[in-house]
Amino acid sequence: MAGEPPILLILDLAGTFAFALNGALTAVRIARLDIVGVLTLGMITAMGGGILRDVLIGSVPPAAFLDWRYPALALAGGLIAFLLSRHLDRLEMPINVLDAIGLSTFAAIGATKALAAGLGIGPSIVLGAVTGVGGGTIRDTLVRRIPSVLQSELYAIPALIGATVMVVSIRLGFEGLFMSLCAIGACFAVRMAGVWFNLQAPSPPGRPRD
Amino acid sequence: MAGEPPILLILDLAGTFAFALNGALTAVRIARLDIVGVLTLGMITAMGGGILRDVLIGSVPPAAFLDWRYPALALAGGLIAFLLSRHLDRLEMPINVLDAIGLSTFAAIGATKALAAGLGIGPSIVLGAVTGVGGGTIRDTLVRRIPSVLQSELYAIPALIGATVMVVSIRLGFEGLFMSLCAIGACFAVRMAGVWFNLQAPSPPGRPRD
Amino acid sequence: MAGEPPILLILDLAGTFAFALNGALTAVRIARLDIVGVLTLGMITAMGGGILRDVLIGSVPPAAFLDWRYPALALAGGLIAFLLSRHLDRLEMPINVLDAIGLSTFAAIGATKALAAGLGIGPSIVLGAVTGVGGGTIRDTLVRRIPSVLQSELYAIPALIGATVMVVSIRLGFEGLFMSLCAIGACFAVRMAGVWFNLQAPSPPGRPRD
Numbered sequence: 001m002a003g004e005p006p007i008l009l010i011l012d013l014a015g016t017f018a019f020a021l022n023g024a025l026t027a028v029r030i031a032r033l034d035i036v037g038v039l040t041l042g043m044i045t046a047m048g049g050g051i052l053r054d055v056l057i058g059s060v061p062p063a064a065f066l067d068w069r070y071p072a073l074a075l076a077g078g079l080i081a082f083l084l085s086r087h088l089d090r091l092e093m094p095i096n097v098l099d100a101i102g103l104s105t106f107a108a109i110g111a112t113k114a115l116a117a118g119l120g121i122g123p124s125i126v127l128g129a130v131t132g133v134g135g136g137t138i139r140d141t142l143v144r145r146i147p148s149v150l151q152s153e154l155y156a157i158p159a160l161i162g163a164t165v166m167v168v169s170i171r172l173g174f175e176g177l178f179m180s181l182c183a184i185g186a187c188f189a190v191r192m193a194g195v196w197f198n199l200q201a202p203s204p205p206g207r208p209r210d
Numbered sequence: 001m002a003g004e005p006p007i008l009l010i011l012d013l014a015g016t017f018a019f020a021l022n023g024a025l026t027a028v029r030i031a032r033l034d035i036v037g038v039l040t041l042g043m044i045t046a047m048g049g050g051i052l053r054d055v056l057i058g059s060v061p062p063a064a065f066l067d068w069r070y071p072a073l074a075l076a077g078g079l080i081a082f083l084l085s086r087h088l089d090r091l092e093m094p095i096n097v098l099d100a101i102g103l104s105t106f107a108a109i110g111a112t113k114a115l116a117a118g119l120g121i122g123p124s125i126v127l128g129a130v131t132g133v134g135g136g137t138i139r140d141t142l143v144r145r146i147p148s149v150l151q152s153e154l155y156a157i158p159a160l161i162g163a164t165v166m167v168v169s170i171r172l173g174f175e176g177l178f179m180s181l182c183a184i185g186a187c188f189a190v191r192m193a194g195v196w197f198n199l200q201a202p203s204p205p206g207r208p209r210d
Numbered sequence: 001m002a003g004e005p006p007i008l009l010i011l012d013l014a015g016t017f018a019f020a021l022n023g024a025l026t027a028v029r030i031a032r033l034d035i036v037g038v039l040t041l042g043m044i045t046a047m048g049g050g051i052l053r054d055v056l057i058g059s060v061p062p063a064a065f066l067d068w069r070y071p072a073l074a075l076a077g078g079l080i081a082f083l084l085s086r087h088l089d090r091l092e093m094p095i096n097v098l099d100a101i102g103l104s105t106f107a108a109i110g111a112t113k114a115l116a117a118g119l120g121i122g123p124s125i126v127l128g129a130v131t132g133v134g135g136g137t138i139r140d141t142l143v144r145r146i147p148s149v150l151q152s153e154l155y156a157i158p159a160l161i162g163a164t165v166m167v168v169s170i171r172l173g174f175e176g177l178f179m180s181l182c183a184i185g186a187c188f189a190v191r192m193a194g195v196w197f198n199l200q201a202p203s204p205p206g207r208p209r210d
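Residue numbers (this note's numbering), protein chains in the order written: chain A, 1 to 210; chain B, 1 to 210; chain C, 1 to 210.
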């Protein structure tokens with residue numbers, strides 16, 4: 001996101017680092033992986049959503065391949081997770097906060113990019129959410145876990161809310177840093193409320209228990 | 001598929017709805033999902049094959065992002081599955097018929113689009129089949145099931161037959177609605193025969209039983 | 001890879017055949033598949049990495065769709081695996097050697113293509129490795145196995161080494177067949193050493209045993 005206001009760039013880079021750290025930690029907990037696996041899954045978690053969005057809007061090579069800071073931070077996050085996985089468990093809440101910053105920033109920036117690529121309101125909102133949740137979904141599929149975004153917690157819904165705030169405000173002509181921060185704040189607030197109060201999205205009625 | 005003859009458009013929209021309904025039902029049966037998961041998997045089942053084809057032929061953004069009727073019908077199918085999953089079990093045969101219509105239409109239209117994008121006969125047939133079976137394959141992978149198309153039933157073979165009829169007839173100069181309906185009919189007939197007589201594709205010789 | 005020196009073309013075609021054979025054999029051993037599944041997974045193993053690379057560098061339709069020899073050899077490899085899976089177990093070492101030739105050639109050629117598409121050193125190395133390991137990763141995910149490249153053996157690391165030799169030598173101005181063969185040889189040597197001495201990449205420290 002070169003050319004963005006510095007505050008958005010900082011949030012975007014912080015989010016990339018947090019996604020890689022959290023993604024690699026999740027991977028280490030679920031599956032037996034070697035260093036290649038941990039670093040790969042950290043990078044996929046951090047950059048997979050943006051790469052998926054870029055492929056779908058036809059912006060290739062993806063942005064993550066053109067700015068060395070993103071893969072460098074993703075690699076650093078994965079490496080820290082690889083070396084310190086035992087010690088990072090006690091930092092769950094700071095990691096959750098950083099992860100929510102990543103989700104919020106990715107959703108807002110992703111929706112903006114989709115809109116700029118000429119997509120309509122609906123697809124831009126969806127692609128904003130895909131930017132936020134896509135990397136974790138690919139990671140979960142690779143380690144053979146049903147993507148957590150499909151079955152538990154408020155994770156996709158905050159991303160959809162943030163992307164909606166972003167897309168609607170741009171379409172109404174309220175562009176700029178302030179509205180970006182509002183969209184990021186909306187997603188962040190809903191996500192953190194979900195973590196704090198352990199909120200769940202509704203399940204199908206009358207589903208058999210497992 | 002704006003600009004298609006009305007009958008093809010209707011079949012394509014009906015197929016989209018049926019794929020979303022059936023795809024979301026399958027997802028509900030296999031995995032514990034919340035509303036985000038059910039709707040997401042419904043939409044992926046209905047639109048994933050076409051999106052995959054469009055990415056592979058370089059036609060991005062994918063057609064599914066450019067015509068609101070497709071995501072709207074896919075969302076409706078997923079929502080009905082979410083609300084009524086318990087009651088839809090007794091409608092297995094009508095849903096199978098609708099699903100076969102979707103498979104047939106997607107395969108024929110997908111092969112036509114690949115050919116129009118300049119691909120050869122072989123790749124166009126494969127991409128027609130990918131259009132038909134790709135969405136269900138992504139869904140199965142996300143809910144951690146070996147894609148049913150790889151292991152049982154006649155599902156990919158009818159799609160390949162329909163796409164072959166389509167591609168060969170276009171290459172021979174017999175374009176138009178009639179040949180499209182022949183291709184759709186060929187796929188539909190083989191698929192329904194497979195459902196009715198419970199036909200299976202051959203398995204590797206001497207494979208150990210499980 | 002039409003237009004390449006004949007030796008590279010031969011290695012590339014041999015690698016395609018070996019990947020399809022080995023990929024289909026792996027699929028037969030892990031999952032209950034019918035003929036559609038075995039042939040599909042053979043073709044995905046052989047061509048999936050190159051298709052992924054081509055999508056990411058924006059070279060669509062992928063090269064595998066434009067030269068009939070690649071899908072034809074992939075289909076042949078899958079068919080042989082389907083028919084002879086019981087008898088091929090004793091040929092493990094020749095198949096491993098052929099597979100290592102495929103890995104090495106794919107990594108070197110993939111990195112060259114990424115560089116030619118204008119990507120930087122880092123992304124080109126990664127995309128070289130993706131070309132080598134991507135097909136097997138997609139196959140493993142589809143048959144519900146954690147990709148072996150993420151958890152065991154030296155497989156990604158030789159591919160990264162081969163791609164690095166290739167990219168660095170091109171950037172230093174040493175292009176040509178000789179350097180391609182050096183890159184392929186470097187990957188091949190490390191891979192075969194890994195098979196022979198059963199080398200593993202390091203795992204996270206203090207990980208609980210399974």
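No lab work stands behind these hints, which were simulated from the structure alone.
Think of the CB as a built atom: it goes at the ideal place given N, C-alpha and C, for glycine as much as any other residue.
A portion of the hints provided could be inaccurate.
[Stated by the list, open to error] Sample of chain C residues at the chain B side, in silico, Cβ under 7 Å:
| no. | residue |
| --- | --- |
| 1 | R32 |
| 2 | D34 |
| 3 | V143 |
| 4 | M192 |
Results for each hint:
1. For C/R32, the interface hint holds, the least distance from its beta-carbon to any beta-carbon of chain B being 5 Å, beneath 7 Å.
2. Checking C/D34 against chain B: minimum C-beta separation of about 4 Å stays under 7 Å; hint holds.
3. The interface hint given for C/V143 holds, since its Cβ lies 6 Å from the closest Cβ of chain B, which is under the 7 Å cut-off.
4. Look at C/M192: its Cβ only gets to about 29 Å from chain B, farther than 7 Å, so that hint breaks.
The structure shown violates just one earlier hint, number 4.
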